[in-house]
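Visitor: Sequence:
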Amino acid sequence: MKIGMVSLGCPKNQTDSEIMLGILEDKGHVLVNDPKEAEAIVVNTCGFIDPAKQESIDTILEMAEYKKSGKCRLLIATGCLAERYHADIKKELPEVDAVVGAGDFDKIAEVIEGAEKGESICLWGHQNCEIPENLPRILTTPGYTAYLKIADGCDNNCTYCAIPMIRGRFRSRKIEDIAAEAENLAANGVKELILIAQDTTRYGKDIYGEYALDKLLLRLCRIDGIHWIRVHYYYAEAITDSLIDVMAGNPKICHYVDMPIQHINNEILRRMARRTNRREIEEKIARLREKMPDVSIRTSIIAGFPGETEEQFSELYNFLKEIKLDRVGVFAYSKEENTPAADFDGQIDDSVKEERRGRLMELQQGISLEKNRRKIGSVTEVLCEGYDEDNFMYYGRSYADSIDVDGRVYFAAEDEVEIGSFVQVEILDADEYDLTGQTVRKG
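Sequence positions in the sequence shown follow the numbering used here and run 20 to 462.
Hints in this document: simulated from the structure, not taken from any laboratory. On a predicted model such as this, the values are computed, not experimentally measured, just so you know. Even for Gly, the Cβ is constructed at its ideal location relative to N, Cα and C. Be aware that a few hints might be false.
Quick list of the computed label-pair ranges, beta carbon to beta carbon [claimed, not checked]: (1) Glu152 - Gly208: 37 to 45 angstroms; (2) Gly385 - Asp423: 32 to 40 angstroms; (3) Arg393 - Ile438: 42 to 50 angstroms; (4) Leu50 - Gly208: 51 to 59 angstroms; (5) Asp125 - Ile226: 18 to 26 angstroms; (6) Glu299 - Gly385: 48 to 56 angstroms; (7) Glu309 - Gly385: 24 to 32 angstroms; (8) Glu301 - Asn203: 39 to 47 angstroms; (9) Leu50 - Gly385: 27 to 35 angstroms; (10) Asn296 - Leu50: 46 to 54 angstroms; (11) Ser440 - Ala199: 34 to 42 angstroms; (12) Ala199 - Glu433: 22 to 30 angstroms.
Computed cross-link-like contacts, DMTMM-like style, restricted to lysine to aspartate or glutamate with a CA-CA straight-line distance of at most 25 angstroms [claimed, not checked]: (13) Lys126 - Asp233; (14) Lys21 - Asp69; (15) Lys343 - Glu301.
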């Protein structure tokens, strides 16, 4: 069959989509980008917070239209929304021919085969299954960059978060399995590995009895062809001195720390069931900056958590104003059903949540502009990702910029620059998010 796929949500979902594409192609199916041409369409959904859930539903309905206007015969819903709301999808969205939860994505070929025979398929409840190894995979990122999932699930059970019930308990992959996949990626031209998990710093605790991200990083640093290793989602309480030393001592590891703190007030952190406090967060930030003065720290914040007083919000605002993190993403609290926080007293009006979110974003814009302007006159290594025809400039990312979430570096070059190559760029101008410069002549 000709099969199309739409992948929504986080990079962890994206890697599942890439494996599904690999399985389908391996089974002889033809992958198409144009949904009008697809005989089967797979929508790999997100079910994390309300806006993501709505996007998933809207996309399913949009793809269902191709049953009328295109060649589509089968519509398959997979991923987190399918896991969390499988019964609702079967009941409310008759356009969907099969539902596949987050733990069953590796069965996609059998599901399509069964749906084609008219079987009513709904797979769910297997989110605690071990992550399958050695499955085929087709990258949907640029060929020089790949996500590398090192674990799935989460044991943190934060009171606002539905991920443990969707993705299951925390499950690490073995170092040798991760290294084997990384070596294969490098052999196929990947130069930047982005390690992902819901909590990367907890890596190895379940299978080795200790935090082992430092050991994994040391193993990956030995792989020829890999130039950058980037890690997403460090948790403050699990950032060990050994991990910081490994990061600081290995040039392949980007000095980029994505550490979602969510809040800084101790009472709010307690109500969130976070496993840390303000003092520990501040100490870890200080230690990271001491060992890596050029470290770029990114975080995410929840504004308007149930019971958040104006005083507690002000503490968060003033913390961000003083600590000056490099990147801050702010989300208005989303009331997720079946999570403890959904039943907390003190639920805050949406207008107040959005107003607080706006104040934090405005604050961070000023901080980001200030930090970017300090980079004017410096020289930084940039991974070239394309050419902007409108501005007649190349663009790419520095070590401080992760794919799809951070800013870009735009630069002029006298000679042609190969996409996927690394160049040295002198920074000449800056705005809140992006930098502009020119390549530095060799010699």
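Visitor: Do asparagine 296 and leucine 50 keep their Cβ atoms within the hinted range of 46 to 54 angstroms?
Guide: holds, 48 angstroms
Visitor: Assuming the hint says 39 to 47 angstroms, is it satisfied by the Cβ distance from glutamate 301 to asparagine 203 or not?
Guide: Roughly 41 angstroms apart at Cβ, these two residues keep to the hinted range, so it holds.
Visitor: CB of serine 440 to CB of alanine 199, is that within 34 to 42 angstroms?
Guide: 26 angstroms Cβ-Cβ, so the 34 to 42 angstroms window is violated.
Visitor: Take a quick look at whether lysine 343 and glutamate 301 sit within 25 angstroms of each other, Cα to Cα.
Guide: holds, 12 angstroms
Visitor: Do leucine 50 and glycine 208 keep their Cβ atoms within the hinted range of 51 to 59 angstroms?
Guide: violated, 20 angstroms
Visitor: Per the hint of 18 to 26 angstroms, is the separation of the Cβ atoms of aspartate 125 and isoleucine 226 within bounds?
Guide: holds, 20 angstroms
Visitor: Just tell me: holds or violated, for the beta carbon distance of leucine 50 and glycine 385 against 27 to 35 angstroms?
Guide: Check failed, 45 angstroms falls outside 27 to 35 angstroms.
Visitor: Within a Cα-Cα threshold of 25 angstroms, do lysine 126 and aspartate 233 meet the stated pairing?
Guide: violated, 33 angstroms
Visitor: Please test the hint of 22 to 30 angstroms on the beta carbon pair from alanine 199 and glutamate 433.
Guide: violated, 41 angstroms
Visitor: Can you let me know if the beta-carbon spacing of arginine 393 and isoleucine 438 is within 42 to 50 angstroms?
Guide: violated, 29 angstroms
Visitor: Between glutamate 299 and glycine 385, does the beta-carbon spacing fit 48 to 56 angstroms?
Guide: At roughly 27 angstroms between Cβ atoms, glycine 385 and glutamate 299 fall outside 48 to 56 angstroms, so the hint is violated.
Visitor: Confirm or reject the claim that glutamate 152 and glycine 208 have a C-beta distance inside 37 to 45 angstroms.
Guide: Since glutamate 152 and glycine 208 have Cβ atoms about 22 angstroms apart, the given range 37 to 45 angstroms is violated.
In terms of the numbered hints stated before, the structure departs from hints 1, 2, 3, 4, 6, 9, 11, 12, 13 and 14, listed from lowest to highest.
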